[in-house]
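**Student:** If you want the building blocks of each chain, they are given just below.
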Amino acid sequence: DTEVTQTPKHLVMGMTNKKSLKCEQHMGHRAMYWYKQKAKKPPELMFVYSYEKLSINESVPSRFSPECPNSSLLNLHLHALQPEDSALYLCASSRASSYNSPLHFGNGTRLTVT
Amino acid sequence: GIQVEQSPPDLILQEGANSTLRCNFSDSVNNLQWFHQNPWGQLINLFYIPSGTKQNGRLSATTVATERYSLLYISSSQTTDSGVYFCAVGGGADGLTFGKGTHLIIQP
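Chains as they are written, first to last, in my numbering: chain Z, 55 to 168; chain H, 29 to 136.
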């Protein structure tokens, strides 16, 4: 069982919909991440939060909007997505982003944009 | 940015065989991790190994930081070892850069 919990597991949305992906961890980690993974490709970093502050945004389109309400929760708000945004969205956490510690992933949300 | 190359890209083995997966990286790093992604998409952290050697059951890993490579050894393969093995590195900045992975198939 993973200690990083993501909901929902699957999501189908239209291009005009607004939806949110949720991620939760209770390991006391202070860094949380969103990665995007297309089929047969490696995960690509989207956002990094460190101590609830956005520290890295890898030039992600504004239709993806991250939010870190507290040190245990991470959301990804989705609006006006395109079919090419269909992918597996992975949340991860680590002790802290500026320290080198193991990254723990959730099971992901498989997103399909129609 | 740091370049990460993994080899081989694909590997098919019989159950019980041993294998060695390689990860080369282009710059010095102080963070290197190996992950296994199973056919259901779950990414499991196998090793955090910026240098040295570690072992966990049938798996072991060695990183030679001065020569910029890491090796993952799988002994006595089982069908549950199938999946994609990723090496990911970071040079002190936030986040990790993933290699393209080695797709391993273990046949019964």
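Worth flagging that the hints you see were computed from the coordinates, not collected in a lab.
Treat the hints loosely; a few may be bogus.
Below 27 Å or equal to it, Euclidean Cα-Cα: the simulated BS3-like pairs (lysine-lysine) are [what the hints assert, rightly or not]:
hint, chain 1, residue 1, chain 2, residue 2
1, H, 82, Z, 107
2, Z, 90, H, 128
3, Z, 72, Z, 107
4, Z, 90, Z, 72
5, H, 128, Z, 94
6, Z, 63, H, 128
7, H, 128, Z, 92
Quick list of simulated restraints, FRET-style, between CB atoms [as the list claims (entries may be wrong)]:
hint, chain 1, residue 1, chain 2, residue 2, range
8, Z, 115, H, 52, 29 to 35 Å
9, Z, 92, H, 86, 38 to 44 Å
10, H, 133, Z, 95, 32 to 38 Å
11, Z, 121, H, 93, 24 to 30 Å
12, H, 40, Z, 131, 19 to 25 Å
13, H, 31, Z, 119, 46 to 52 Å
Interface residues of chain H toward chain Z, partial, derived using beta-carbon atoms under 7 Å [claimed, not checked]:
hint, residue
14, 70
15, 76
16, 79
17, 80
Just so it is clear, the structure is predicted and the values come from calculations on it, not from any experiment.
Every residue gets a Cβ at the ideal spot worked out from N, C-alpha and C, and that includes glycine.
**Student:** Hint by hint, note whether the structure agrees.
**Tutor:** The hints, checked one at a time:
no., hint, result
1, H/82 with Z/107, "violated (34 Å)"
2, Z/90 with H/128, "holds (14 Å)"
3, Z/72 with Z/107, "holds (23 Å)"
4, Z/90 with Z/72, "holds (18 Å)"
5, H/128 with Z/94, "holds (9 Å)"
6, Z/63 with H/128, "holds (24 Å)"
7, H/128 with Z/92, "holds (12 Å)"
8, Z/115 with H/52: 29 to 35 Å, "holds (32 Å)"
9, Z/92 with H/86: 38 to 44 Å, "violated (30 Å)"
10, H/133 with Z/95: 32 to 38 Å, "violated (18 Å)"
11, Z/121 with H/93: 24 to 30 Å, "violated (37 Å)"
12, H/40 with Z/131: 19 to 25 Å, "violated (42 Å)"
13, H/31 with Z/119: 46 to 52 Å, "violated (31 Å)"
14, 70, "holds (5 Å)"
15, 76, "holds (4 Å)"
16, 79, "violated (11 Å)"
17, 80, "violated (13 Å)"
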